Amino acid sequence: TITIHSEPGKGTRMTVMWTGLAIGRMNPPERVTGQMRLSHWRGRRVYVLDDDKEVVRSLCALLETWGLTVRGAGGAHDLQELVNVEGCPDVLIADLHLGRNQSGLAVAEHLVETQGPLPVLIITADTAAVPLSDGDAPSWLTLMQKPVSSTALQAALDTFFAELPEPTKSRDPAEIEASIERK
Numbered sequence: 001t002i003t004i005h006s007e008p009g010k011g012t013r014m015t016v017m018w019t020g021l022a023i024g025r026m027n028p029p030e031r032v033t034g035q036m037r038l039s040h041w042r043g044r045r046v047y048v049l050d051d052d053k054e055v056v057r058s059l060c061a062l063l064e065t066w067g068l069t070v071r072g073a074g075g076a077h078d079l080q081e082l083v084n085v086e087g088c089p090d091v092l093i094a095d096l097h098l099g100r101n102q103s104g105l106a107v108a109e110h111l112v113e114t115q116g117p118l119p120v121l122i123i124t125a126d127t128a129a130v131p132l133s134d135g136d137a138p139s140w141l142t143l144m145q146k147p148v149s150s151t152a153l154q155a156a157l158d159t160f161f162a163e164l165p166e167p168t169k170s171r172d173p174a175e176i177e178a179s180i181e182r183k
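If you use UniProt numbering, the sequence shown corresponds to residues 1 to 183, in order.
Take these hints with a grain of salt, some might be off.
Label pairs and their calculated CB-CB ranges [to be verified]: (1) K10 <-> E166: 19 to 25 Å; (2) P138 <-> K53: 25 to 31 Å; (3) E109 <-> E81: 14 to 20 Å; (4) Q80 <-> T3: 14 to 20 Å.
Derived by calculation from the structure, the hints in this document are not laboratory data. Only a predicted model underlies this, so the values are computations on that prediction, with no experimental measurement involved. C-beta: ideal position from N, C-alpha, C; glycine also.
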């Protein structure tokens, strides 16, 4: 179960709970395993953008149990560095309010302008703050209101991945490390 609680101006708390969790590596539930067999999930990269480190950590951990390659960023600068080093994600999941007057929507728009269209999932408890009506939203943007269930998140990702071309190979971790050391 994923529970996300957000209060405008105060922040967001995300809780991920597993029942019957044993120490060691957890096997995903069978329904998730079944979805992972679909070819359009293999090799996919998802970046999580949120100023709350616990939300990033928790959501990345959940997505990794689904077999995805996941990276987290705390703001616009972190995301840009991530894109520069590892390339553009297949999907960006972002909180609407990032703190320091940053908007997840504005960061996503900049990423799409510079890298080309990609599916973006904006998650927010403050849907009144989103300056788009359904008819005005770009085709690459999906809005979800908190709390977001793992089932709804899986469904959104499944839709995104089904519509994308085959994934490009992720860069080797040693290659990424060498790139960082050269800077």
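Hint by hint, here is what the structure shows:
As the Cβ distance of K10 to E166 is approximately 42 Å, the hint placing it in 19 to 25 Å is violated. Distance hint for P138 and K53: a CB-CB separation of about 29 Å, consistent with the stated range 25 to 31 Å. Separated by about 18 Å at the C-beta atoms, E109 and E81 satisfy the suggested range of 14 to 20 Å. For the pair Q80 and T3, the beta carbons lie near 30 Å from each other, so the given range of 14 to 20 Å is not met.
Hints 1, 4 from the earlier list are contradicted by this structure; the remaining hints agree with it.
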